[in-house]
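Participant: The residues making up each chain are set out below.
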Amino acid sequence: MDQSTIDAHGLSADEYQRLLEILGREPTITELGIFSVMWSEHCSYKSSRLHLRRLPTEGPRVVQGPGENAGAVDIGDGLTAVFKIESHNHPSFIEPYQGAATGVGGIIRDIFTMGARPIALLNSLRFGALEDPATRHLVDGVVAGIAGYGNSIGIPTVGGEVAFEPSYAGNPLVNVFCLGVAEADKLAMGLASGAGNPVYYVGAKTGRDGIHGATMASAEFDENSADSRPAVQVGDPFMEKLLLEACLEVMKTDALVGIQDMGAAGLTCSTCEMGARGDVGIEIDVSLVPQRETGMTPYEIMLSESQERMLLVAKRGREAEVEQVFEKWDLHAVRIGEVTGDGRLRIRDHVEVVADIPNRQLADRAPLYDRPTTRPAYLEAAQQLDLAACKAPVDLPRTWLDLLGAPVIASKHWVYRQYDHMVRTNTVALPGLGAGVVRVKGTDRALAFSVDGNGRYCYLDPAEGGRLAVAEAARNVACAGAVPIGATNCLNFGNPERPEIMWQFAQAVDGIAEACRALEIPITGGNVSLYNETDGEAIYPTPVLGVVGVIDDASQVLTRLFPAEGLDIVLLGDPAGALGGSEYLKVAHGMARGRPAALDLDRERALQQVLVEAARGRLICSAHDCAEGGFAVTLAECCVEGGGVGARVELAEPAEADDRFALVCALFGEAPSRVVVSVASGQRDRLLAHARELSVPATVIGQTGGDRLAISVAGEVVADIGLDEAEQAWMGGLTRHFEHVAA
Amino acid sequence: MKTRVFVTLKPSVFDPQGKTIVDALGSMGYAGVRDVRQGKYFELDVDAGTADEARSLVSEVADKLLANPVIESYRVEVDGEGNDV
Amino acid sequence: MKTRVFVTLKPSVFDPQGKTIVDALGSMGYAGVRDVRQGKYFELDVDAGTADEARSLVSEVADKLLANPVIESYRVEVDGEGNDV
Amino acid sequence: MKFAVIEFPGSNCDHDAYHATKHVLGQEAEFIWHKDTDLAGADVVILPGGFSYGDYLRTGAIARFSPVMTRVREFADAGGPVIGICNGFQVLLEAGLLEGALLRNRRLKFLCQHVHVRVEQTDTPFTCGGAEGQVLKLPIAHGEGNYHAGPETIAALEANRQVIFRYCSPDGVTTEAANPNGSHASIAGVCNAGRNVVGLMPHPERACESALGSVDGLVVLESVVSALAAKGAA
Ligand SMILES: Nc1ncnc2c1ncn2[C@@H]1O[C@H](COP(=O)(O)OP(=O)(O)O)[C@@H](O)[C@H]1O
Ligand SMILES: [Mg+2]
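Chains as they are written, first to last, in this note's numbering: chain A, 1 to 743; chain B, 1001 to 1085; chain C, 2001 to 2085; chain D, 3001 to 3234.
Looking at chain A on its own, in the form it has when it is part of the complex (with noise of 0.2 Å):
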């Protein structure tokens, strides 16, 4: 093989020697095509595994942990929750309808392939800033992409969080995250047994679509990137309904040993992992896959990335009620070779074997890198904050209704009104109220989910952020009423093979893995996005957390909306808010700097216990977490929009009252472990108790009612808005940006 070809492979000359060590001769170009989607970073998570075994994976409710599909955890009545969350970032830039379009079918697949119906979808996303009409355009079509692919599949997308910021300029992020429900002891698995049982094909005809897809997604981009465009590959969700159905109907039959969907590396992926799990061997006829264009050579079958294609290992003698089902729903199972028992990965092309690799060797003996870490440069100074050159706001009220207004905070019902949010009816708590909240019929309960990760935060102290994705992530879910017993993650970062990302990358995980375990939130799965940059610049490190919960009884779901007024306000947590990588500083003075306030691990665990506790009581009547913007724009967040109520508060004397930003610090700053609930007279005092029986502070801090907001701190009123000020400017902030563009 001529050097220049194993180069175009991205294969170095240590994992090429390890090729050659493993089939003891010259690979063919389709074994050199298997062997370079397999153990690229996308397929292999070589660069991160190492880091990855770091996390807590196990717990009582764990019922499947990384290494399938998807995780699954054990939410009652036999029942098991199955998620996960998957980034399709590189080909949503390319093509923004196309690539987040196909994200989303992609992580469907992940779900159902494990047996489980997909009940909900929600989506992170990270863009540049929106000023530029080149975001907007990006914004527009990945939201269309989730929007048309979702919604014409059915499945409801529940929540997700938008942020901006010049850092995604260059490489937006589109992560999404799938729930399906499953009987708990009838999880498929995507493994092959049985020398001798029929692999099937099903589903959409391959093409020449994204070959080398995965290998793209683990390099970065650079100029030329936009002229060696692969064909982009085209979302079916008609097709991939179609399937979905059929592939749950043949579940039920018993006839099936495995299955596995086609994502990145296609054929190539579930072949080689379906033989590896089940450590056997497969032997396939690529002339027999159907083909969608003429003239493809069995190098860009096995690498073809086109979308809705599952393979199945059926039980022999029973294929007749596969192929039966299938055809119910005018798809046609092929059956495209079998399962051996000599452990190799055979390839043929009608007769001719094109590639006979052992199949173990392939999936275990992937390259592992030990990549070198160094704390990067930038951090000493962007971790000062010196605030003596800047001014200290003069008008409050336009300081908030500016924070309000801010794309990061304002609404985002530009966004969710386009996601059909509401279809198979169990959706009880729609988008933009906190977590999104679907129930689970036959059963009493319901389920939580948020998706939370702040990049700014883990630019400006990577441990830190990790901690405070986790621990936002549940809060939220804790403010629905619900217990988290779950998460997965997405890590996206820049090039693992510069030292300063890879530190980021490490300490990361060191920070989620930490909170995960103070918190006993197990994680069962994830993805890694890697060499996230452009033209060197890499993104800010944005690990995205999916934490799951659960709510035993559906009707004690809460949202952030204060229902009535006359109710008591109580702030839980400690008041003092910090402007380290605020929302404040972004929007007042154009500055990422400072630390992140820290997270005390206890304090947070107790907070949440607090909640979900107050919740079951009926203590409460709503919560809503201070996020971005600090305690003001969460007040104004559980009064606004449509018909909402006003508030009037009164907050203590900050510490350093003398401070010229000690009431920017009290009204803006951000802190994690603060909730603003609201309360009916009757039980603020159990509230109350229950709260210090904790140790978590907890303030009555003023009451609801009026149509103004208003704040005094020691006995003066610092800042008053209107309620309908602060819900135009929050309603508007986002979508005065979406006026003028076209479809």
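Cβ-Cβ distance ranges computed for the label pairs, FRET-style:
id, chain 1, residue 1, chain 2, residue 2, range
1, D, 3175, A, 695, 47 to 57 Å
2, A, 321, D, 3037, 16 to 26 Å
3, D, 3177, C, 2012, 21 to 31 Å
If you are wondering where the hints come from, they were derived from the structure by calculation, not from laboratory data.
Beta carbons: idealized from backbone N, C-alpha and C, even for Gly.
Dock chains B, C and D with the ligands against chain A, hints included.
Facilitator: Same frame as chain A, now just chains B, C and D with the ligands:
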């Protein structure tokens, strides 16, 4: 001046709509329809002194807005030009 | 045989897509585009002995499926026929 | 009483219609596959929402050729109550069982939100339990719900009182602001001349339980139950 723009998916790009239409026609008894590709068609009425001016304006608009260059290609027709099909 | 079908909204029917494109073009500085109407364009490859046969098959398919007569009209072109635009 | 819920490939509100009729109303319900050639003795036919055939080509365009549609047409011709919800409405229009067409939403985007609709007529099997002028809070979720028909058709529909629902403000006034998709004359739902076939864009089946934010959809679904009960009793 009347102009027309035809936007089609590039040949290598999968067209799920076209495929679904062929399948539907098949089950309706139109097996004689072997392949369908669906594209977009725009009629633009533009201010332009000459056909050449119209063509260059419309091509620019097609490039920027009507077609997605990553997956689509387009063709422009202008009234009064000798348009070959 | 290669055939093409153009489906357009009837003139009396409001075209929200066309309108949005005109507005967007206006805000992008293309005031010279006075009107845009968006339609659909299909390329059908059919089994047919003659151009006439192809035309009648494709017209039937367009009537039944490709166009909705309540709001749309269509035009068929067949390779090898003298197609007037 | 038995509801038939027609399943086209790509239908995705089929389970919602089934759940509402079977588990909330406590009636019998059965899925009817689009290739089936009988309606299993059902008393009411629901064409559910969703994306039959992916909404490829045009919403409802391909589904209307499904074998089961012949039976649905016969059932409707014989006076049986048929309701098309969202995509089901689109299928009924394509099939010619109702008049008009649905264009892309005025602002082109898919829209999912609660809206208000006013009950215009109460002499159909799906509105007889409501009051004229009653305002219902129902969800919509569609990209193509912009109702259109030629001037003569509109005049005839109005003259024959075939407009059954209109988008309105919470207090029942039809305004441009309350019209989410640009529908002509705020039309949200219509019926046929025989008044037994009704189509509407909002989703009554998504508004049958208080946990989901509204129970106003029950007005629509319970109407048909009482209409048929009355007929049976008569
Ligand atoms: N991309 C999105 N898709 C769906 N819902 C979204 C999206 N972005 C934000 N939302 C919804 O908007 C609300 C506010 O989001 P966010 O500001 O991230 O909340 P929080 O600060 O509580 O984490 C949440 O209910 C969330 O689900
Ligand atoms: Mg958040």
